[in-house]
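Protein chains in written order, with the numbering used here: chain Z, 1 to 355; chain F, 1 to 355; chain V, 1 to 355; chain U, 1 to 355; chain B, 1 to 355.
A portion of the hints provided could be inaccurate.
You can't tell identical chains apart in this list, so a pair holds if it fits in one copy or across any two.
[Said to hold, decoys possible] SDA-like cross-link-like pairs, simulated, lysine to any residue; straight-line CA separation at most 20 Å:
(1) Lys290 - Ala80
(2) Lys214 - Ser250
(3) Lys290 - Phe355
(4) Lys296 - Pro323
(5) Lys351 - His201
(6) Lys214 - Asn281
(7) Lys233 - Gly13
(8) Lys119 - Tyr10
(9) Lys290 - Val211
(10) Lys159 - Gly189
If you are wondering where the hints come from, they were derived from the structure by calculation, not from laboratory data.
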Amino acid sequence: MARFIKKQKYEIGLAPDELLFRGIKKSEEVTIRVIDFDAQKLEENALKEVAEIQRYQDKKTVTWLNIDGLHNPVLMGEIAKVFELDDLVLANVMNTTARPTVFEHDNCILISIKMLQLKEDTGLIAVENLSLILTKSVLISFQETKGDVFEPIRERIRKKKKRIRNGWTDYLAFALLDIVIDNYIYIIGVLGEKIEVLEEHIGQNQPNTSVIKKINAYKRELNFIRRNIRPAKEMILALSKMESEFIYESTYVHYKELLDNINQANDSSDSYREILTDQLNLYHTTISSKLNDIMKFLTIFSVIFIPLTFIAGIYGTNFEVLPELHFEYSYFIMLGVMLALAIAMLIYFRKRKWF
Amino acid sequence: MARFIKKQKYEIGLAPDELLFRGIKKSEEVTIRVIDFDAQKLEENALKEVAEIQRYQDKKTVTWLNIDGLHNPVLMGEIAKVFELDDLVLANVMNTTARPTVFEHDNCILISIKMLQLKEDTGLIAVENLSLILTKSVLISFQETKGDVFEPIRERIRKKKKRIRNGWTDYLAFALLDIVIDNYIYIIGVLGEKIEVLEEHIGQNQPNTSVIKKINAYKRELNFIRRNIRPAKEMILALSKMESEFIYESTYVHYKELLDNINQANDSSDSYREILTDQLNLYHTTISSKLNDIMKFLTIFSVIFIPLTFIAGIYGTNFEVLPELHFEYSYFIMLGVMLALAIAMLIYFRKRKWF
Amino acid sequence: MARFIKKQKYEIGLAPDELLFRGIKKSEEVTIRVIDFDAQKLEENALKEVAEIQRYQDKKTVTWLNIDGLHNPVLMGEIAKVFELDDLVLANVMNTTARPTVFEHDNCILISIKMLQLKEDTGLIAVENLSLILTKSVLISFQETKGDVFEPIRERIRKKKKRIRNGWTDYLAFALLDIVIDNYIYIIGVLGEKIEVLEEHIGQNQPNTSVIKKINAYKRELNFIRRNIRPAKEMILALSKMESEFIYESTYVHYKELLDNINQANDSSDSYREILTDQLNLYHTTISSKLNDIMKFLTIFSVIFIPLTFIAGIYGTNFEVLPELHFEYSYFIMLGVMLALAIAMLIYFRKRKWF
Amino acid sequence: MARFIKKQKYEIGLAPDELLFRGIKKSEEVTIRVIDFDAQKLEENALKEVAEIQRYQDKKTVTWLNIDGLHNPVLMGEIAKVFELDDLVLANVMNTTARPTVFEHDNCILISIKMLQLKEDTGLIAVENLSLILTKSVLISFQETKGDVFEPIRERIRKKKKRIRNGWTDYLAFALLDIVIDNYIYIIGVLGEKIEVLEEHIGQNQPNTSVIKKINAYKRELNFIRRNIRPAKEMILALSKMESEFIYESTYVHYKELLDNINQANDSSDSYREILTDQLNLYHTTISSKLNDIMKFLTIFSVIFIPLTFIAGIYGTNFEVLPELHFEYSYFIMLGVMLALAIAMLIYFRKRKWF
Amino acid sequence: MARFIKKQKYEIGLAPDELLFRGIKKSEEVTIRVIDFDAQKLEENALKEVAEIQRYQDKKTVTWLNIDGLHNPVLMGEIAKVFELDDLVLANVMNTTARPTVFEHDNCILISIKMLQLKEDTGLIAVENLSLILTKSVLISFQETKGDVFEPIRERIRKKKKRIRNGWTDYLAFALLDIVIDNYIYIIGVLGEKIEVLEEHIGQNQPNTSVIKKINAYKRELNFIRRNIRPAKEMILALSKMESEFIYESTYVHYKELLDNINQANDSSDSYREILTDQLNLYHTTISSKLNDIMKFLTIFSVIFIPLTFIAGIYGTNFEVLPELHFEYSYFIMLGVMLALAIAMLIYFRKRKWF
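Take these sequences, add in the hints, and give me the full structure.
This is the structure we're talking about:
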């Protein structure tokens, strides 16, 4: 999951407007869904032919073209032709490994962001590139795989929610990005809960390598999320400051909200990172304390018995002349001395607060 | 206490102006208190019907509407209607999980901040979201729970304090935020005192897991406070730089003071954090020293007795021919040699400054 | 010394212009000293009555009012009245716990900074709040305690130093702040010398808990100084960039110098902090090395004698049939084998460079 | 590989426009390749005489002069003369040790950047300085060694790729820089894969010094890359913000892409750095755990046998009166007691979860 | 060498224009060298009388006055009078302990920077303050000691290098600062080489306190250099952005180069710092590994022999009834059992990969 996207040797030196799919193909089929609406009308459609796109070229309504799967250069060329987009824009869309960015071209704004989704069944985080092409009346969203992540927005459109039906493509773009960022927050929250559960296990009795493995796994997962949030944050900041004919004044309040949300996501991930670092430190402290305890135990035991064993050793020698051996109570005196020694030792350790 | 606010799955994709309460409902009842005043007059009221708000719509006086409990969409809708506020504003107010922010809408400024309060009985920190809607003549404050935290301000109003009675809603907003930030400072101070008390215990005789647990608990508490202060600081900074028709020139000196205060809170929390880190390091050093001492003790003891026991072992062998056994003073010579060896060892360790 | 200033519960919600002394009263008496001068004339005075201040209200000369002790609200009210200052200004002066700041009010600039002084007899650092109110012709300086820290400036005035006698209140303020910052540098220097002396002790033979205690004490002291310098630095920066009618163009070169000086103080404190961290690390390394040495010593000793003692143990058994016991040279052979074993061990350890 | 470039004593105080080669000569021969093209025509050439450059001086087409090897002051002087460049520009080109920078001179822009290339056979990273001189119609690229790194661009020109054939020198410069940055990303990716492979080995059974050596080697390599990326990033940022007559409006979209790419390279290197730090920590934790295990093992063993051996020692003494020796079942009782003791110990350790 | 400059008690409160030498007097004699030149003429001179300076006051040529030793207030006063400089400027020059800074006064720019020089014989770094006073036609450079560090510039002037002979005082100032910064880079390079040599020793067999001492010494040296570079960098940045009548447009390209160079110096010092930190960590890891090895060794040895010795101990007891003692092959069986036990242990340890 946490693999980094890498450049292949053959990709070096490619023209920036080469319509070449870069990344890992995640979907075979390409599906095109269209929602075309204004405050009154609403039309939903699933296109079979690329050519059908043409219909939506010059409408006064808001047209949302959702394209799943973007490895087809022919389709991309077609779209570029219909909406008179620069090849560069679509080359960027096809490069799923690029950094989240926003750029205003002559006749559109191109927005790209990494979309994270938690697969509830496996617990893995799927990452995919979402690109938005924003013109006055058309919003084209490109996803790598077919998914229903934007279904709530379609619902809001269908339910005639005022704001979205009265809004333009810039508001629609906000709605899409909002879902992406909500997913960031949601994923961090789910991971955060696991981290908080872990917290309770640490510091308890035994240092445990499974704990350390969990901490490291969570850390890696968190780093993965952070790697995606950080450039997204920059992008959203740029978007919220962008002065463009494609963005209405009234939409900035929403973009500002996006910024607040992604900042919150970032803050949370920072906090969880600190918590993980604290947990690691606590774990280390626990190990150190444990080692200390073990050494104390060994030392107390050894230090008590070493002299006793030595004494026994002396009276185990076979010297011809060893007067003590012949006294009647020697043995008992020896036992007594040993006992006294042991008790003295224990008192000494107790005084030094060793146990 | 230190739990993070999380996004629920079903919240993803909600319209931004959906009047849905987000967070944990902390109060059943909704109470509305009104203070309406100018330099001369003062009227205090507790509203029973939402409709009564209408009265305060177009007055020349300053009206402070304090609403405790904000999970009621109907009430919110009503307020929006009376004061002609955008649904978005009130949707933001109802989202108690949002990040502290300030934003100027068409006919109001929306301010939100996390309010921390130390529950003196339990020692726990309660967090709640405070939202302020600031128009020319009305300030609406939304709290999650009923509380008397703003009582001192009511007192100042009642006591005809000149500045507050002559001021406008922007000054009133300052007074409210000032209390919030004073509480930050107060809470950090209380925690700080505990940290300073702890300081005296560390480095003293025994490394103690209760100390490490305290350090970690304080750290968590401090991180929790910091997480709330940091975005609040950004918000106050934005507020103090905001150029708005709702804020009078003369109020900026107070907003600047707020900024100084929250910076002070932030500085203090930074300092306490450093202190805690130092304490942790000191604790580790103490553990290391301790381990060193234990190992020295064990080593001295072992190293002295190991050769003595070995000598005794030799003369415990049952060889037929073992000449030393038959000399008259062998035993005493052995004891003497042992004593000499032990003393030599002790001198050696003393020389290496082991004890 | 290093205690943080804290907010008391009852201070929360106070009006910002409440003339209430906040902090710890450090002086019972209030003394007012006046120096009134221009290039030609000079008049020094110690006022007994607050009312006498009135005389200095509208003079064309530069008037420096030095007030020691600021817990007297009546006096403060009087001053406010005479110089027509906002209550807010004097409330700020009385709040000795506030963060260093500079703010231009309608008819004055308010500057506040923490003044550190090393008590040569005890070695302790005394901290007190210095507030300056700067108007066109009057500079009022408020100190918490009576002190002679500004005596050198009085001397310069008396000795008719051109620059100070020709300067205005803004230059006088510079002179005062310069002394404050010089004291920062001086205190850091004194502490720094102790740190450098410590450096020579570390890494030498024995790890020593007194060293670690010193490092921690210095660290605390340095942190305390840094906590005061950092906001002072921000304040000086703001001052040096402030465009105000109260500051003459020609004075900015001096304010720039202040900034350079406080930056130097800050740089030094950063450097000493790094040095202390290095010392701590060095100390830890020394402990680790020591532990390593101890363990090596113990291991070499144990490993040599354990097999020897075992051999002796075997021939101490009482088996009826144990052939070796009956050979004439068995004992000597055993001793020889033991010696050979010990030597082999020593060679092995030497080869592994254990000693 | 990771050696830093250093200043030699004799270089101190040289005039900045001294045409002196600084660095390590990497190529004996100097080769000059020219590609001269516009949308229609294309001419490729390898110059033998420096004088031939003259031909390209005033053409309306785009001329790309690629010069490999730059230690020849005569050639440099010639180029300066032909294109009327300041000596300073070419002195900068010859200083291969300088920091990546971009600067607009009177009649050209000078860009310099470090080019990293992974030598596939040895796995080593070769670093060389690339300088670009950009005028309206001529782009001169200076490489230290002969290489085919820019071959893909030549191919794109030959294949009549529209964008490059229609573009100007600023676009060509972008294409060259793009390859440089693609190489950064590629190299980081290759290193990253090794780091990820390492990840799987760490935390597994035995702490291993070869692992630590690998981590440190990767760290050094990564630091080396980072050292080159950081100033390049600053340079690209300056370039993308530069307002110059030599850069067309339409090229900024590409420079912005360069910035995104180098930021991505930087992000990746940051992430890998964090991963390496985590690996180091994990390695340390593993060592600590291991030590703990070893000590536990030793302690359990010692603590069980020490008292048993002591008991045996007691009954090995030769006291005349030692009643237990004479009971018939003494020996078996002793064995029983010993077994019971051992079992008790084991239960105790199990209870403390030592194993 | 690495001592910090400190403020003496008596320096606190001095007037800023007091012509008092602050620092450590490093040279008794004061020497004044003059180079006066334009593109055609050149005149070199060593002045004996301060009064001779007068000659250079109003010339159209560029005059470079190099003054070694600056503890003479009379000379300073004279200079101030001749060139009509503010006392403040020369007071700053005499304060050799001040922070590197640049400030534009009414009729000059004052630049100060710390000059580091490696004394090749001792390996020590000498630090001295260099101040430059830059007017339209005169550059006065103040050094603390007589030195030939600027000889290369004199050579360039003598050799009629075009740029310096055609340039003004601002270019000359660049040339001087360039040498200072080249020295930074050179010194870092020399230190860097030592650090790289050290690298090869670390991680090799034995942890060695001499290594740790070297690391710490290099660290201290590097910190000392960094302390001087950091404020110099700020100064150069301010200089390169300064808009002043004393600096010609065409000189900024050189100041920009200075900035690049000092940034490179800073980058290098950052890198070496990271390397030293890595070395320290590697050293610690080596110590830990070593300790681990020692403990393993001890444990294996102890754990094998402890039970064997115990068995021997049992058969050394003197019980009357101890059946095994009387079997003919008991002794050999015991030896066999012991051997089997030892081998079993070894196999166990091998399985756990302890050796």
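Status of each hint after checking the structure:
For the identical chains of this complex, Lys290 and Ala80 are neighbours neither inside a copy (66 Å) nor across copies (61 Å), given an alpha-carbon limit of 20 Å. With identical chains, the CA atoms of Lys214 and Ser250 are never at most 20 Å apart, being 46 Å at best within one copy and 50 Å at best between copies. Taking identical chains as interchangeable, the C-alpha atoms of Lys290 and Phe355 lie at most 20 Å apart whether they share a chain (13 Å) or sit on different chains (13 Å). In the homo-oligomer, the alpha carbons of Lys296 and Pro323 never lie at most 20 Å apart, since the shortest distance is 38 Å inside one protomer and 36 Å across protomers.
Proximity of Lys351 to His201 under the C-alpha cut-off of 20 Å is restricted to the inter-copy arrangement: shortest distance 18 Å between copies versus 33 Å within a copy. In this assembly of identical chains, Lys214 and Asn281 lie within 20 Å of each other by CA distance both inside one copy and across copies; the values are 14 Å within and 14 Å between. In this assembly of identical chains, Lys233 and Gly13 lie within 20 Å of each other by CA distance solely across copies; the values are 19 Å between and 29 Å within a copy. In this assembly of identical chains, the alpha carbons of Lys119 and Tyr10 lie at most 20 Å apart only when taken from different copies (15 Å versus 33 Å within one copy).
Taking the shortest Cα distances, Lys290 and Val211 sit within 20 Å of each other both inside one copy (15 Å) and across copies (15 Å). Neither within a single protomer nor between protomers do Lys159 and Gly189 lie at most 20 Å apart by alpha-carbon distance, with minima of 29 Å and 47 Å respectively.
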